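Protein chains in written order, with numbering that gives the first Met the number 0: chain A, 0 to 304; chain B, 0 to 144.
Note that these hints are calculated values from the structure, not bench results.
Check each hint, because a few of them may be wrong.
[Claimed, not checked] Beta-carbon label-pair distances, calculated as ranges: (1) 51(B) with 62(A): 35 to 45 Å; (2) 34(B) with 27(A): 48 to 58 Å; (3) 56(B) with 249(A): 31 to 41 Å.
[As the list claims (entries may be wrong)] Below 27 Å or equal to it, Euclidean Cα-Cα: the simulated DSS-like pairs (lysine-lysine) are: (4) 193(A) with 48(B); (5) 98(B) with 70(B); (6) 131(B) with 59(B); (7) 103(B) with 34(B); (8) 246(A) with 27(B); (9) 64(A) with 27(B); (10) 98(B) with 48(B); (11) 80(A) with 89(B); (12) 143(B) with 64(A); (13) 103(B) with 284(A); (14) 70(A) with 117(A); (15) 80(A) with 59(B); (16) 48(B) with 298(A); (17) 137(A) with 284(A); (18) 89(B) with 48(B); (19) 147(A) with 137(A); (20) 182(A) with 144(B); (21) 64(A) with 59(B); (22) 246(A) with 34(B); (23) 6(A) with 144(B); (24) 284(A) with 27(B); (25) 64(A) with 89(B); (26) 70(A) with 103(B); (27) 70(A) with 143(B); (28) 64(A) with 103(B); (29) 131(B) with 70(A); (30) 70(A) with 284(A); (31) 143(B) with 246(A); (32) 48(B) with 131(B); (33) 143(B) with 284(A); (34) 151(A) with 117(A); (35) 144(B) with 246(A); (36) 144(B) with 298(A); (37) 48(B) with 144(B); (38) 143(B) with 80(A); (39) 298(A) with 143(B); (40) 89(B) with 70(A).
The structure displayed is predicted, hence computed values, not measured ones.
All C-beta atoms in this analysis are idealised placements derived from N, C-alpha and C, irrespective of residue type, glycine included.
Okay, here's what each chain looks like letter by letter:
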Amino acid sequence: MGARVRKLVTAVVVFAAFAGGAAWFLTKPEPWSASHWDGLGEPDLANGEQMFWAGGCTSCHAAAKSEGDAKLVLSGGLPLKSPFGTFHVPNISPDETAGIGSWTLAEFGNAMTRGVGKQGEHLYPSFPYGSYARLTPKDINDLWGFLKTLPKSANVAPPHDLPFPFNIRLALGGWKLLFFTDKPRVTVDTSNPKIARGQYLVEGPGHCGECHTPRNGLGGFEAAQWLAGAPNPEGEGRIPNITPGSKSIGSWSEGDIANYLQTGFTPEFDSAGGSMVEVQQNMAKLPVSDREAIAAYLKAAPAIE
Amino acid sequence: MKLKMILTALVIAGCGVSAVIAADDPVKVREGLMKQIGGSMGALAGIAKGEKPYDAEIVKASLTTISTNVKAFPDQFPAGSEANSEASPKIWDNMDDFKAKAAKLGADADVALAQLPADQAGVGAALGIIGKNCGDCHQAYRVKK
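With the hints as extra help, turn the sequences into a complete structure.
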């Protein structure tokens, strides 16, 4: 009798250890190997600045309502409300203690493309690494070079304010297992360099899908509804459908979309509103060819009603 | 035959009723005001981009519409009129700021009217100043549904 209980307990413990080990193995943070970031050479700062505007870093990391050069001070602190709690955006200025000035290229690159922090911890996907995962090592290197030229800020951002269980970082490994991917979101004609560039900008640095694609109860994208519009994560109203099947934007030409991203005005001379105002101001700083590429991709993406 | 007449009368009466509702509905009124502002912006942008020839009358009429409409605009937001509209509830929490933003667009349009842009480049410059107001206000107070 005693032996049988002992056997059962042993089996349970072994199973639990195995399951725990498997779970840990499947969900542990996975940075790139160090060689991934080797040999990138001196950063191209002009391209780094373009990645900075394409990525919209300033819209969350600079102080709210910053204008002009204040947009370049990435002091953090902005509260991002979500169904999972409130995230406080960190300081990513080059300050060595309050910011990320002491980070290496590999640490920065792994945060951007693998969602892994300096301590090897999982980062919350409120930081859109699920999109940034598509950035090439060269663009990461250039962006990192540009970020290091920006002003330092000693501001210390508050920690995230998340209820249990969302405050358990380990659980993010499960989220990544389910939802993290650096593969293309949709199939488009990538033999067309304009569409391919647009796909890179929209699905990667531009992280358009983070607001324009609906999510399931666990915060993962509804993959079949790519860019089809979603409730506003900040509470009121909806983020519009931007596929060719959209009632509002589906009828726009490529020129209309590119012009909107440049000027903020729709073909009917309505203007951008809400968070899109900042996004549009960032996009206006890109080369004309990049806005045209984004427009070409949006017209080529699957139409969803 | 009689039935047809009754139906016709009912339809006509129905149209009349809905027209009255539309005129009194602040949501419809303010959306109409904004549509006209958008139309004026479009006319000015056509000239600024060189798609349409410069025409002083059109510039003046467009600026006048923007000025007149935006001055009437903040009065179309009685308490409780946020339903079925793209107006953010923040408007009623920050009515003074909302009114100030509308007044700013009115003032910018009046400055341009006082010294009417005399050519394509002038229209472009005025449009840059005026157009900035659109995003500034829509960022805070317009919600897409």
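Do the hints match the structure? See the list:
no. : hint                          : in the structure
1   : 51(B) with 62(A): 35 to 45 Å  : 41 Å, holds
2   : 34(B) with 27(A): 48 to 58 Å  : 56 Å, holds
3   : 56(B) with 249(A): 31 to 41 Å : 36 Å, holds
4   : 193(A) with 48(B)             : 25 Å, holds
5   : 98(B) with 70(B)              : 9 Å, holds
6   : 131(B) with 59(B)             : 19 Å, holds
7   : 103(B) with 34(B)             : 19 Å, holds
8   : 246(A) with 27(B)             : 20 Å, holds
9   : 64(A) with 27(B)              : 31 Å, violated
10  : 98(B) with 48(B)              : 31 Å, violated
11  : 80(A) with 89(B)              : 16 Å, holds
12  : 143(B) with 64(A)             : 20 Å, holds
13  : 103(B) with 284(A)            : 26 Å, holds
14  : 70(A) with 117(A)             : 25 Å, holds
15  : 80(A) with 59(B)              : 45 Å, violated
16  : 48(B) with 298(A)             : 24 Å, holds
17  : 137(A) with 284(A)            : 20 Å, holds
18  : 89(B) with 48(B)              : 35 Å, violated
19  : 147(A) with 137(A)            : 16 Å, holds
20  : 182(A) with 144(B)            : 31 Å, violated
21  : 64(A) with 59(B)              : 33 Å, violated
22  : 246(A) with 34(B)             : 18 Å, holds
23  : 6(A) with 144(B)              : 61 Å, violated
24  : 284(A) with 27(B)             : 36 Å, violated
25  : 64(A) with 89(B)              : 16 Å, holds
26  : 70(A) with 103(B)             : 24 Å, holds
27  : 70(A) with 143(B)             : 26 Å, holds
28  : 64(A) with 103(B)             : 18 Å, holds
29  : 131(B) with 70(A)             : 17 Å, holds
30  : 70(A) with 284(A)             : 13 Å, holds
31  : 143(B) with 246(A)            : 13 Å, holds
32  : 48(B) with 131(B)             : 17 Å, holds
33  : 143(B) with 284(A)            : 25 Å, holds
34  : 151(A) with 117(A)            : 19 Å, holds
35  : 144(B) with 246(A)            : 12 Å, holds
36  : 144(B) with 298(A)            : 22 Å, holds
37  : 48(B) with 144(B)             : 31 Å, violated
38  : 143(B) with 80(A)             : 18 Å, holds
39  : 298(A) with 143(B)            : 21 Å, holds
40  : 89(B) with 70(A)              : 25 Å, holds
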